[in-house]
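Asks: Sequence:
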Amino acid sequence: MGLLEEYEQQFGQLSAEITSNIGRLSSVSIDDRRNLIVEINRGIDEAQEILEQIGLEINQNTDHSQRTSQQMRLKSYQAELRRLEEDYNKSKIKPNPLLVDDSSSIDDFDIGIPEDQKRRLLDNSERLERTGNRLAEGYRIAIETEEIGTQVLQNLSTQRESIQRSRNRLRETNADLGRSSRLMNTMIMRSIRDKFVLYIIGVVFIVAVSLTIYFSIK
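Reminder that position 198 of the sequence shown reads as 243 in the working numbering, one-by-one numbering, no gaps.
Misleading hints may appear alongside valid ones.
As the list claims (entries may be wrong) - What follows is a set of in silico ranges between Cβ atoms, one per label pair, in the way DEER data are often shown:
| # | residue 1 | residue 2 | range |
| --- | --- | --- | --- |
| 1 | R185 | Q93 | 20 to 26 Å |
| 2 | S65 | Q111 | 29 to 35 Å |
| 3 | E171 | K120 | 23 to 29 Å |
| 4 | D239 | E206 | 46 to 52 Å |
| 5 | N200 | S72 | 15 to 21 Å |
| 6 | R212 | Q111 | 44 to 50 Å |
| 7 | D221 | E182 | 38 to 44 Å |
| 8 | G47 | E130 | 23 to 29 Å |
| 9 | I75 | E192 | 23 to 29 Å |
It is worth saying that the hints were derived from the structure and are not from the lab. Please read all numbers here as calculations on a predicted model, not as lab measurements. The beta-carbon is built from N, C-alpha and C at its ideal position, and this holds for glycine as well.
Let's have the full structure, built from the sequences with the hints guiding it.
Replies: This is the structure in structure tokens:
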């Protein structure tokens, strides 16, 4: 597993822990709530540091062909962390009717909760579940986008190799045509030269015959 994958795995684990702790804020005692707030703050800080490390790793040690898809994944992680912070802030500032003494029994604790507050707690739980589903869906889309980008890059690489081979064949064909053209020119020049030589020989022969006949008659 590469360093980038380790960072992503750490961020996923932290996100799950933060989501779980946010969901528990509304159902713990005052002391436990303080501890949870400390854990959530520490988790958010660690998650932010991990995202910064992911950004550095992408910019410094990632091929240019893969950088775009990985930056898209980083943006989805950043959006996920922002949503967690928003949910955390809402849960932290909202009055918690469940903060009772540890000495209270579970039955007394449940009886003292008004129905509208129970409904809000259920709504918060459902919202956290929907947030988790959106995060999972966003991660799935990011993975699919990366796979599509990788496939597109592979197709482009294959097409580039095919174009390069075609270009090389064209160069070879052009070189063959050049050699054929030079050979044809050589043959034409040789034919012209041979015709000229035959013409000279014919003229000399005619002159010689004419002179022979002339001197014979004379």
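Asks: Decide, hint by hint, whether the structure agrees.
Replies: Hint check:
1. R185 to Q93: 20 to 26 Å: At 23 Å between Cβs, range holds.
2. S65 to Q111: 29 to 35 Å: Holds - the Cβ-Cβ distance for S65 and Q111, about 32 Å, lies within 29 to 35 Å.
3. E171 to K120: 23 to 29 Å: holds, 26 Å
4. D239 to E206: 46 to 52 Å: holds, 49 Å
5. N200 to S72: 15 to 21 Å: Violated - the Cβ-Cβ distance for N200 and S72, about 52 Å, lies outside 15 to 21 Å.
6. R212 to Q111: 44 to 50 Å: violated, 27 Å
7. D221 to E182: 38 to 44 Å: Violated, at about 58 Å.
8. G47 to E130: 23 to 29 Å: holds, 28 Å
9. I75 to E192: 23 to 29 Å: violated, 48 Å
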